[in-house]
Amino acid sequence: MNDTTGLGDDVQLITLDVNGASYEVITAPRRTLVDVLRHDLRLTGTHVGCEHGICGACTVLVDGLPVRACLMFAAQAEGARITTVESLADSGTGELSDLQRAFTEHHGLQCGFCTPGFLMLAQGFLAERPEATKEEIREVVAANLCRCTGYQTIVEAIDACATARRAQRAMGAEEDSCN
Amino acid sequence: MKPAPFQYHRARDVEGATALLAELADEAKVIAGGQSLVAMMNFRLARPGHLVDITGLRELDQLGVEADGGLRIGALTTHHTVETAPADRLGAGFEVIRDAMRWIGHLPIRTRGTVGGSIAHADSTAEWCLLAVLLDAEFMAHGPRGRRRIPAGEFFFGYYTTALDPDEILVEIVFPRPAPHAALTEFAERRGDFAIVSAAVDLATEGEDVLGGRVALGGVAAMPVRVPEAEAVLAAGGSFRDCAEAAAAAVDPPSDGHGSGDYRKHLIRNLIERACEEAMSR
Ligand SMILES: Cc1cc2nc3c(=O)[nH]c(=O)nc-3n(C[C@H](O)[C@H](O)[C@H](O)COP(=O)(O)OP(=O)(O)OC[C@H]3O[C@@H](n4cnc5c(N)ncnc54)[C@H](O)[C@@H]3O)c2cc1C
Ligand code: FES
Ligand code: FES
Numbered sequence: 001m002n003d004t005t006g007l008g009d010d011v012q013l014i015t016l017d018v019n020g021a022s023y024e025v026i027t028a029p030r031r032t033l034v035d036v037l038r039h040d041l042r043l044t045g046t047h048v049g050c051e052h053g054i055c056g057a058c059t060v061l062v063d064g065l066p067v068r069a070c071l072m073f074a075a076q077a078e079g080a081r082i083t084t085v086e087s088l089a090d091s092g093t094g095e096l097s098d099l100q101r102a103f104t105e106h107h108g109l110q111c112g113f114c115t116p117g118f119l120m121l122a123q124g125f126l127a128e129r130p131e132a133t134k135e136e137i138r139e140v141v142a143a144n145l146c147r148c149t150g151y152q153t154i155v156e157a158i159d160a161c162a163t164a165r166r167a168q169r170a171m172g173a174e175e176d177s178c179n
Numbered sequence: 001m002k003p004a005p006f007q008y009h010r011a012r013d014v015e016g017a018t019a020l021l022a023e024l025a026d027e028a029k030v031i032a033g034g035q036s037l038v039a040m041m042n043f044r045l046a047r048p049g050h051l052v053d054i055t056g057l058r059e060l061d062q063l064g065v066e067a068d069g070g071l072r073i074g075a076l077t078t079h080h081t082v083e084t085a086p087a088d089r090l091g092a093g094f095e096v097i098r099d100a101m102r103w104i105g106h107l108p109i110r111t112r113g114t115v116g117g118s119i120a121h122a123d124s125t126a127e128w129c130l131l132a133v134l135l136d137a138e139f140m141a142h143g144p145r146g147r148r149r150i151p152a153g154e155f156f157f158g159y160y161t162t163a164l165d166p167d168e169i170l171v172e173i174v175f176p177r178p179a180p181h182a183a184l185t186e187f188a189e190r191r192g193d194f195a196i197v198s199a200a201v202d203l204a205t206e207g208e209d210v211l212g213g214r215v216a217l218g219g220v221a222a223m224p225v226r227v228p229e230a231e232a233v234l235a236a237g238g239s240f241r242d243c244a245e246a247a248a249a250a251v252d253p254p255s256d257g258h259g260s261g262d263y264r265k266h267l268i269r270n271l272i273e274r275a276c277e278e279a280m281s282r
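Top line first, the protein sequences correspond to chains L and S. To convert, note that position 9 of the first sequence is 9 in my numbering; the numbers rise steadily by one, no gaps. To convert, note that position 93 of the second sequence is 93 in my numbering; the numbers rise steadily by one, no gaps.
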């Protein structure tokens, strides 16, 4: 195949499912998932910091679970459902999701560099553990680095979002039982 | 940084993967969860010319208790799968393994990192390696010359060095018997870091009495080690404190940037006593 990547090595054609859309990408095997998202698909919401799994800026969901997109080659993500921070806000209106709004309301960000990673970490974690306690949230956010906030406000934002989602579900269940 | 160029191969079955590894010889490396290998490649500490991706081999992703009471874990099972396994899949008496998972890195590491990858990588403080040595696990390796079973006691040779041949794939780990009174604990500078010292014990009990037990340590040598001197204290009816003291006296841990040998001995005393108490209270 012709090298259209500027990477100067063998390239391959891969198909990726990102936020429900299918993309065909010609890229070198050594391209990590985060680099393909940012450089080939121009989805620059996912950030990249350390490139060795420490900072979590690159966190995305793969089949619903939070992973480090810098520690996965894009070729390995073929056949999986990839979800990035771009999926959170409403694509039509641009309205922020409940989790994003909670981060704003609780001052869960300052410079914002770490925010996409924390959002996807929380999104994946709360989907799996909607009942998460504040203690559990505190332990999970230790996965990512934030140099600005001191974490307290991030924990509060995620906890508030989880609490609101639980209340909403309980209300939904009540309505169902009334019908 | 970015990794050096390589060719990517997706294995369709175990036979194909080992044949390819044999053909490419030392040019190739297996990739599983990538949580150690990709970090090393990004740093260019590793630059394999070929990667053989085994993550598609679903037959290596299972977990279950056998009729003989042993727990079988496929090499591709992730730390997260073990951590969240329902009680009936994990089996009674293997809670020590499930509970140890929370010490491995963080959630996004555990969702990708695999049991087989941890054991093949053989970090001297890896939780899986310590559990395997403590509980006499056996490893099933598959190579071009067929399958062989390697006991944990004969598997680890030193820092990042194991009995696996370069063309062999680790396919399964077997924990032969339940360990209802076992526990693993550790200390690291920050949550999720590799431990400075990790300690694990497996007590043999009758009611409230301790009849004996096994004691193992990570971070004190090039690989996890059993500590017979500490086990002798338990067998003789000594206290947990005396067991911990005996362990600290028996080993000669290294000094490095994370702590001196004396500091590690201090950690050993505390961690072994804590592990004994946790194991007893299960
Ligand atoms: C930030 C961070 C923190 C971490 N903290 C911890 C921790 O506290 N404790 C801990 O134990 N680990 C920790 N890890 C490492 C993690 O547990 C890895 O999952 C594990 O070391 C390797 O598993 P893997 O599946 O990712 O293997 P890979 O990275 O894919 O491979 C690692 C090595 O094993 C070989 N290999 C993999 N699978 C097989 C197989 N089936 N047969 C033969 N060879 C194989 C590869 O060729 C390679 O040499 C951490 C990682 C990161 C990034
Ligand atoms: S860029 Fe992936 S963890 Fe830092
Ligand atoms: S808001 Fe600046 S690093 Fe987290």
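In short, the hints are calculated from the structure, not lab data. Treat the hints loosely; a few may be bogus.
To be verified - Here are the simulated EDC-like cross-link-like pairs (lysine to aspartate or glutamate), alpha carbons at most 20 Å apart as the crow flies:
no.	chain 1	residue 1	chain 2	residue 2
1	S	Lys29	L	Asp10
2	S	Lys29	S	Asp53
3	L	Lys134	L	Glu156
4	S	Lys265	S	Glu229
5	S	Lys2	L	Asp40
6	S	Lys2	L	Glu156
7	S	Lys29	S	Glu15
8	S	Lys265	S	Asp252
9	S	Lys265	S	Asp165
Stated by the list, open to error - Anything over 10 Å on all C-beta distances counts as not near chain L; from chain S, calculated:
no.	residue
10	Ala4
11	Asp53
12	His106
13	Ile109
14	Tyr159
15	Leu164
16	Leu211
17	Arg226
18	Ser239
19	Lys265
20	Asn270
21	Glu277
Said to hold, decoys possible - Away from chain S, derived, C-beta distances all over 12 Å, residues of chain L:
no.	residue
22	Asp17
23	His47
24	Ile54
25	Arg101
26	Cys148
27	Gly172
Nothing here was measured: the structure is a model prediction, and the numbers come from that model. C-beta atoms are modelled at their ideal positions from N, C-alpha and C, and glycine is treated no differently.
Hints and how they fare:
1. A threshold of 20 Å between alpha carbons decides the hint, and for lysine 29 of chain S with aspartate 10 of chain L the separation of about 18 Å falls inside it, so the pair holds.
2. Distance hint between lysine 29 of chain S and aspartate 53 of chain S is fulfilled; the C-alpha atoms sit about 9 Å from each other, no more than 20 Å.
3. Using a Cα cut-off of 20 Å, the hinted pair lysine 134 of chain L and glutamate 156 of chain L holds, with the two alpha carbons roughly 8 Å apart.
4. Among the hinted pairs, lysine 265 of chain S with glutamate 229 of chain S is consistent with the structure: their alpha-carbon atoms are about 15 Å apart, no more than 20 Å.
5. Distance check on the hinted pair: lysine 2 of chain S and aspartate 40 of chain L sit about 16 Å apart at the alpha-carbon level, within 20 Å; holds.
6. A C-alpha spacing of about 36 Å is found between lysine 2 of chain S and glutamate 156 of chain L, which places the hinted pair above 20 Å, so the restraint is violated.
7. Under the criterion of a C-alpha separation no larger than 20 Å, the hint pairing lysine 29 of chain S with glutamate 15 of chain S is consistent with the structure, at around 15 Å.
8. A hinted pair counts as satisfied when its Cα atoms are at most 20 Å apart, and lysine 265 of chain S with aspartate 252 of chain S qualifies at roughly 8 Å.
9. A threshold of 20 Å between alpha carbons decides the hint, and for lysine 265 of chain S with aspartate 165 of chain S the separation of about 35 Å lies outside it, so the pair is violated.
10. The beta carbon of alanine 4 of chain S sits about 7 Å from the closest Cβ of chain L, which is not more than 10 Å, so the claim that it is off the interface is violated.
11. For aspartate 53 of chain S, the shortest C-beta to C-beta distance to chain L comes to about 6 Å, within the 10 Å cut-off, and the non-interface label is violated.
12. The claim that histidine 106 of chain S lies off the interface is violated: its Cβ sits roughly 3 Å from the closest Cβ of chain L, which falls inside the 10 Å cut-off.
13. For isoleucine 109 of chain S, the condition that its CB be more than 10 Å from all CB atoms of chain L is violated, with the nearest at approximately 6 Å.
14. No beta-carbon of chain L comes within 10 Å of the beta-carbon of tyrosine 159 of chain S; the shortest separation is about 19 Å.
15. Listed as a non-interface residue, leucine 164 of chain S keeps its Cβ farther than 10 Å from every Cβ of chain L; the least gap is roughly 22 Å.
16. Distance check on leucine 211 of chain S: its Cβ is at least 35 Å (rounded) from any Cβ of chain L, clearing the 10 Å threshold; non-interface status holds.
17. No Cβ of chain L approaches the Cβ of arginine 226 of chain S within 10 Å, the least distance being about 31 Å, so the stated non-interface status holds.
18. Taking the minimum C-beta to C-beta distance to chain L, about 32 Å, the non-interface status of serine 239 of chain S holds against the 10 Å cut.
19. Annotated as non-interface, lysine 265 of chain S keeps its C-beta farther than 10 Å from every C-beta of chain L; the closest such distance is 28 Å.
20. Listed as a non-interface residue, asparagine 270 of chain S keeps its Cβ farther than 10 Å from every Cβ of chain L; the least gap is roughly 21 Å.
21. Distance check for glutamate 277 of chain S against chain L: the nearest CB is about 22 Å away, which clears 10 Å, and the non-interface claim stands.
22. Annotated as non-interface, aspartate 17 of chain L keeps its C-beta farther than 12 Å from every C-beta of chain S; the closest such distance is 16 Å.
23. Remark: the non-interface label on histidine 47 of chain L is consistent with the geometry, its nearest Cβ contact in chain S lying 14 Å away (cut-off 12 Å).
24. Under the 12 Å C-beta cut-off, the non-interface status given to isoleucine 54 of chain L relative to chain S is violated; the minimum distance is some 9 Å.
25. Annotated as non-interface, arginine 101 of chain L keeps its C-beta farther than 12 Å from every C-beta of chain S; the closest such distance is 23 Å.
26. Its beta-carbon lying about 18 Å from the closest one in chain S, cysteine 148 of chain L satisfies the requirement of being farther than 12 Å from that chain.
27. Listed as outside the interface, glycine 172 of chain L is consistent with that label: its C-beta sits roughly 25 Å from the nearest C-beta of chain S, beyond the 12 Å cut-off.
Checked against the numbered hints above, the structure breaks hints 6, 9, 10, 11, 12, 13, 24 and satisfies the rest.
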